[in-house]
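Model the full structure from these sequences, guided by the hints.
Chains as they are written, first to last, in our numbering: chain L, 51 to 189; chain G, 342 to 461.
Check the hints yourself; a few may be wrong.
Below 30 angstroms or equal to it, Euclidean Cα-Cα: the simulated DSSO-like pairs (lysine-lysine) are [said to hold, decoys possible]:
1. L:121 to L:98
2. G:414 to G:424
3. G:439 to L:152
4. L:121 to G:414
5. G:424 to L:98
6. L:98 to L:152
7. L:148 to G:424
8. L:117 to L:148
9. G:414 to L:117
10. L:148 to G:384
It is worth saying that the hints were derived from the structure and are not from the lab. It should be emphasised that the depicted structure is a prediction, and the values quoted were computed from it without experimental measurement.
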Amino acid sequence: MSFVWRMSLPLIPMVTTVCLSACTYTRAVSETNVPRERGRLVEAAVAKNIILGFNFDNDEVLQLTRKLRDKCPSGSVRGIMTQDLTTLYVGFFYWERKTLAKGYCVNGSGVADNTDGAARSLDGVASGPDGSLEPEISL
Amino acid sequence: MKKQWHKPALAALVVQGLSGCMTVRSVSISQLPESSFRQSVVKTQTSSPIVIGIPFNTDYLDEARADFVGRCKDGAIEGVLSKHEDVNYFIGLVVVQKVSLQGYCVRKVASVSTKKKRKV
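Here is the structure:
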């Protein structure tokens, strides 16, 4: 083995570490129904730092709904896109897991008229804007 | 003559390297509209490469969404199928991340109102 090759061997992990620092990878994506009336765009995110791969829960994701709701207190959030991202720091020793949700804050009565099929009659059963099923009542 | 096996092996390696092996990372689907509203299909797809483990951006997700929403400006998009997948080239040295969105552009408003029903 040549001298140059032997000297450059320790550089390989160092260069790899530097190259992969702050690299962001997408883990998962999801998208819900997009409403006709697209109001203000709201965004919420939760993140967790993980060291050496030790992670014992993913409970931070549960806060995402509350955070998104707080961004749109007087309306409903529709057309939500979620992204699950992982950003590596210092090689693979330390990374950040981030879950991002973006949606449209829709206010007013326009919400009930449409958006994700909520208002349509279907075999005598109508579903509310929150997705819950309720029996149809004729007037 | 003894080294003739190198050629098919090399050819096989090149074919394997050039071809893309696909891996699905995530899939989601939202509520489907009634069949009468499934006339207009909108779809979009964007991608971003990862070369030797180095990704370049995550903007392709936002681009996909903007393009998807822009294809149905005067209606709602329902029955959205989102698919995130990786395509591996050159034995994984180059990975292309792809996100595909597909849904139905619903332009008509339903005549039945939930609000009306709830008043009772």
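Outcome of the hint check:
1. L:121 to L:98: holds, 21 angstroms
2. G:414 to G:424: Holds - the C-alpha atoms of residue 424 (chain G) and residue 414 (chain G) are around 22 angstroms apart, at most 30 angstroms.
3. G:439 to L:152: Holds - the C-alpha atoms of residue 152 (chain L) and residue 439 (chain G) are around 19 angstroms apart, at most 30 angstroms.
4. L:121 to G:414: holds, 24 angstroms
5. G:424 to L:98: Satisfied, since the Cα-Cα distance of roughly 25 angstroms is no more than 30 angstroms.
6. L:98 to L:152: Roughly 18 angstroms separates the two Cα atoms, so the pair holds.
7. L:148 to G:424: Cα-Cα ~19 angstroms, so holds.
8. L:117 to L:148: Holds, because 14 angstroms separates the two Cα atoms, which is no more than 30 angstroms.
9. G:414 to L:117: holds, 28 angstroms
10. L:148 to G:384: At roughly 27 angstroms apart (the allowed maximum being 30 angstroms), residue 384 (chain G) and residue 148 (chain L) satisfy the hint.
In this structure, every one of the numbered hints holds.
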